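**Q** Read off the chains here:
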Amino acid sequence: MTALLRTESLTAGYGAAPVLHEVDLDVNTGSITAVLGANGAGKTTLLRTLSGLLPATHGRVLLDGKDLRGVRVEEMVRRGVAHVPEGRGVVTELTVDENLRLGGLWRKDRADVRKAMTEVYELFEPLARRRKFPGHQLSGGERQLLALGRALVGRPRLLLLDEPSLGLAPKITAQIMTLLGTLRDRSGLTVLLVEQNVRGALAIADEAVVLALGRVVTRGTDIDDEMRHAYLGF
Amino acid sequence: MSGKMKIATIVAGVAVVVVLTLVFPPFRTYQLATVGAYLCVTAGLTVLTGLNGQLSLGHGALMATGAYTLALSVNAGWPLTAAFAAALVVTTVIGGVVGLAAARLRGPYLAGLTLAVAVVVPAITSTFDGTFNSDQGLSVALEPPPGTVTVEQWQAWLAWGAALIVLVLLQLLIGGRFGRELKAVRDDETAARLAGVGVARTQVLAFVVSAACAGIGGALFAVLAQSVSPGAFPLSLSLFLVMAIVIGGLGSLAGAAWGAVLLVALPALAHTVTEGIDAQRLEGNLPLALFGVTLIVVMLAAPGGIAALRPFKRSPFKRSPFTKAGLRPLRKRSKA
Amino acid sequence: MFLTFDGLSRGAVYAAFALALVLIWRATRIVNFAQGAMAVATAYAGFEVSAATGSYWLGFAVAIAAGLILGAVTERVVMRFVDHSSPLNGVVVALGLVLVIQGGLGMIFGSEFRPAEAPFSRDAFTVGGVALLSRFDLFVFAAVGIVVVLLALLFTRTHTGLRMRAAAFAPDVSRLLGVNVSGMLTLGWALAAAVGSLAGMLVLPTELGLHPNAMDIVFVSSFTAAVVGGLDSAIGSVLGGLIVGLLLSYVSGYLGATVAPIAVLILLVVVLLGRPGGLFSRSAARTV
Chain A
1 MTALLRTESL
11 TAGYGAAPVL
21 HEVDLDVNTG
31 SITAVLGANG
41 AGKTTLLRTL
51 SGLLPATHGR
61 VLLDGKDLRG
71 VRVEEMVRRG
81 VAHVPEGRGV
91 VTELTVDENL
101 RLGGLWRKDR
111 ADVRKAMTEV
121 YELFEPLARR
131 RKFPGHQLSG
141 GERQLLALGR
151 ALVGRPRLLL
161 LDEPSLGLAP
171 KITAQIMTLL
181 GTLRDRSGLT
191 VLLVEQNVRG
201 ALAIADEAVV
211 LALGRVVTRG
221 TDIDDEMRHA
231 YLGF
Chain B
1 MSGKMKIATI
11 VAGVAVVVVL
21 TLVFPPFRTY
31 QLATVGAYLC
41 VTAGLTVLTG
51 LNGQLSLGHG
61 ALMATGAYTL
71 ALSVNAGWPL
81 TAAFAAALVV
91 TTVIGGVVGL
101 AAARLRGPYL
111 AGLTLAVAVV
121 VPAITSTFDG
131 TFNSDQGLSV
141 ALEPPPGTVT
151 VEQWQAWLAW
161 GAALIVLVLL
171 QLLIGGRFGR
181 ELKAVRDDET
191 AARLAGVGVA
201 RTQVLAFVVS
211 AACAGIGGAL
221 FAVLAQSVSP
231 GAFPLSLSLF
241 LVMAIVIGGL
251 GSLAGAAWGA
261 VLLVALPALA
271 HTVTEGIDAQ
281 RLEGNLPLAL
291 FGVTLIVVML
301 AAPGGIAALR
311 PFKRSPFKRS
321 PFTKAGLRPL
331 RKRSKA
Chain C
1 MFLTFDGLSR
11 GAVYAAFALA
21 LVLIWRATRI
31 VNFAQGAMAV
41 ATAYAGFEVS
51 AATGSYWLGF
61 AVAIAAGLIL
71 GAVTERVVMR
81 FVDHSSPLNG
91 VVVALGLVLV
101 IQGGLGMIFG
111 SEFRPAEAPF
121 SRDAFTVGGV
131 ALLSRFDLFV
141 FAAVGIVVVL
151 LALLFTRTHT
161 GLRMRAAAFA
171 PDVSRLLGVN
181 VSGMLTLGWA
191 LAAAVGSLAG
201 MLVLPTELGL
211 HPNAMDIVFV
221 SSFTAAVVGG
231 LDSAIGSVLG
241 GLIVGLLLSY
251 VSGYLGATVA
261 PIAVLILLVV
271 VLLGRPGGLF
281 SRSAARTV
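Residue numbers (my numbering), protein chains in the order written: chain A, 1 to 234; chain B, 1 to 336; chain C, 1 to 288.
Simulated from the structure, these hints should not be mistaken for lab results. In this text, all values refer to a predicted model and were calculated from it rather than measured experimentally. Be careful, since some hints might not be right.
Claimed, not checked - Take a look, some chain B residues computed to stay more than 12 Å from chain C by CB distance:
| no. | residue |
| --- | --- |
| 1 | 28 |
| 2 | 172 |
| 3 | 269 |
As the list claims (entries may be wrong) - Derived CB-CB ranges, DEER-like:
| no. | chain 1 | residue 1 | chain 2 | residue 2 | range |
| --- | --- | --- | --- | --- | --- |
| 4 | B | 78 | C | 111 | 55 to 61 Å |
| 5 | B | 268 | C | 232 | 40 to 46 Å |
| 6 | B | 297 | C | 257 | 35 to 41 Å |
| 7 | A | 171 | C | 232 | 33 to 39 Å |
| 8 | B | 198 | A | 8 | 53 to 59 Å |
| 9 | B | 20 | C | 280 | 54 to 60 Å |
| 10 | C | 149 | B | 301 | 39 to 45 Å |
| 11 | C | 29 | B | 100 | 23 to 29 Å |
| 12 | C | 253 | B | 78 | 38 to 44 Å |
| 13 | C | 4 | B | 26 | 30 to 36 Å |
| 14 | C | 29 | A | 171 | 37 to 43 Å |
| 15 | A | 92 | B | 100 | 31 to 37 Å |
| 16 | B | 151 | C | 111 | 44 to 50 Å |
As the list claims (entries may be wrong) - Here chain B is said to cover these stretches of chain C; the calculated rule only asks that three of the stretch's residues, wherever they fall, bring their Cβ under 8 Å from a Cβ of chain B:
| no. | segment |
| --- | --- |
| 17 | 95-104 |
| 18 | 257-263 |
Where is the CB? At the ideal position from N, CA and C, for every residue including glycine.
Okay, chain A solo, but in the shape it has when bound (with noise of 0.2 Å):
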């Protein structure tokens, strides 16, 4: 397996103090990472980073092997990188028909976009009976749905998904999981998933990362019970 999404040494944060510290990172394609780690270990940073949000201090990421340095935000998208942010990202005063066409604007293909649309409310069913509904009146797991369904709209290859299942009740937490083991094993998408929900995540992930104040402390496709205790706390 070839690594879609490498980083070397990465390092940034918010001011003079780094919140990540030399991570080195390798998302393999077709797979799902899990990225855990207790609030504050950098799990958010990390992934504000890799879309560029937030300017690396030191170390470099790289995509299919290029350097991602002074590509713009704007642009990861064009590149097949979609990042689903924390707090689920929809924009409230916009309604869930034009949310999914955001997703979908910067691409040339338009028969495509509204092929994708069309799945996603197959997909996504009750996001399809609230179509011209603005996105404040939608329900926490709908906007999560509705974030995860706007970012499909773009098929990305790469998605990094920001705590999907923070608010959410468990049931629509394992659909979600789910879903993103469907879609890795049906269309090859890779994933990068922070997750505070340990074991939802590593149900599906193909491999772990653990985080701690910055630092990756273990990785593997198996987390043994004493570095989920010493870093996950249970």
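Keeping the supplied structure of chain A fixed, place chains B and C upon it in accordance with the hints.
**A** Chains B and C alone, transformed into the frame defined by chain A:
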């Protein structure tokens, strides 16, 4: 600097100015007097805007209120001290009324309202032209100064005497509990409220204090010009006052003093530059443009804008790359 | 009757100007206090061209184009660098622009009033001896109507409109979705300034003429219109403009023209204290 030191500095500064009036030629003395009059206004405005975070674009109108009150009182035969007292009382009352409204408004809404107040001055003088004599305005008949004192010296002493009183009172006011409450309300209203500070009360008080200062300043203007007219209090005067305190350095009385000097020095400088060349259009307009450019440059160069111009700077964390790119900073910052 | 049409005609202009304020407010949370001065500057350019070429329409086009350019330049050179940590920053910078523009205009053109010709007769038609409205009023209605419809279509029917709305509401999310947010901001400023220029070209012939300060009162009236309608509402600003126009027309007609600014101030105070979210807002409880 401790409070006592600051007051000593104020007294010493005013003493130096009074000495200067004894040696300066009349024109320079008159300019000094103008600085003193402006200082009363900028000092009050910097307490309102710098320390309390309320932006008023209507202080020119409050000055006009003070000036017209003084003119009407003097022309009614009142002695000068009584006329000043009347100007003080009337602007305090008007300031209280505007302040009551202002305390419920924030940011651009307050700016818009006070701007409307500034723009409405000529309309009021025209509507009630029986009292205010419309665009012509009123002349102020002053008694000649006592003894061998020249008119300019007399004006300068009046202006700086008033400035001394205003500065000392403001320093006493902001050096104590009230000053802390002003800043608390400016920085975080909710936190101030939770700490037991009456937010609305503090804001109204700040407006009243600053209005009273503007009234005194306006009254001094009437004494200096020996006349009042709406043309002396245009919208640009209100804007100039804001410029002056921002450029001078917000929230400190020293900044207000620099601003007042700037208000007199910059037009004078422009006058000197344009003298000789036939450039009638430059006169008056050049300082306008200069003020504008200076203001924009100062605002953009200072990281954090207004906040950075305060004595206590904010942490560098407040400025993110996104603000530089013209975007609002993300709410969530360092959350993992 | 005449006062009503006159008020609606004025109101249409205030509506356009208020709409421009709302466009920028929604996109950047800045009330563009420099908009009046910017509109005057472009009107000077327009009427200069008209005077030089003898063609009103050429000047009209130049003024609108100058608005687009001035708006874009203002955003690119000045406004994008304004720090948003305090809402006062934007206001103060805009005031700096006012001084620069007014000072600059004064230096170039002098501070005398210059004539601003109307392209159509301002004499009112009469029906059965009652004066109703003039050709110029009809021109104002048509121009403002077209602009409002075009803007509505732009924002609701086009990709660019969707991008602009998304960029205004959620800049970071929009960037992640490939929207050129800074470009949208520039476009928003350009459009708003052009609409402001249009309003300037429509209002100046009905006032004393061209002067660096000619739009000061118009700005206050339009700000009031925007507040009446709610600063966040485009439709509200149009209705607010019409309301302010009618109020001004009736007050001028019955009480005298000098009272009109006072009436605007009173309306502004009443709305700000009573319904700070605007007359048409659903929730009255909002911090402003």
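**Q** Run every hint past the structure and note whether it holds.
**A** Against the structure, the hints come out as follows:
1. 28: 26 Å, holds
2. 172: Holds: least Cβ distance 27 Å, greater than 12 Å.
3. 269: 14 Å, holds
4. 78(B) with 111(C): 55 to 61 Å: 36 Å, violated
5. 268(B) with 232(C): 40 to 46 Å: Given about 45 Å between the Cβ atoms, the range holds.
6. 297(B) with 257(C): 35 to 41 Å: 40 Å, holds
7. 171(A) with 232(C): 33 to 39 Å: Check passed, 37 Å falls within 33 to 39 Å.
8. 198(B) with 8(A): 53 to 59 Å: Distance hint for residue 198(B), residue 8(A) holds at roughly 57 Å.
9. 20(B) with 280(C): 54 to 60 Å: 59 Å, holds
10. 149(C) with 301(B): 39 to 45 Å: Given a distance of about 42 Å, which is inside 39 to 45 Å, the answer is holds.
11. 29(C) with 100(B): 23 to 29 Å: 26 Å, holds
12. 253(C) with 78(B): 38 to 44 Å: Between residue 253(C) and residue 78(B), where Cβ atoms are some 40 Å apart, the hint holds.
13. 4(C) with 26(B): 30 to 36 Å: With a Cβ separation near 59 Å, residue 4(C) and residue 26(B) fall outside 30 to 36 Å, so the hint is violated.
14. 29(C) with 171(A): 37 to 43 Å: 39 Å, holds
15. 92(A) with 100(B): 31 to 37 Å: 35 Å, holds
16. 151(B) with 111(C): 44 to 50 Å: 30 Å, violated
17. 95-104: holds (count 10)
18. 257-263: That given contact holds, which follows from 5 residues of the segment 257-263 of chain C lying within Cβ reach (below 8 Å) of chain B.
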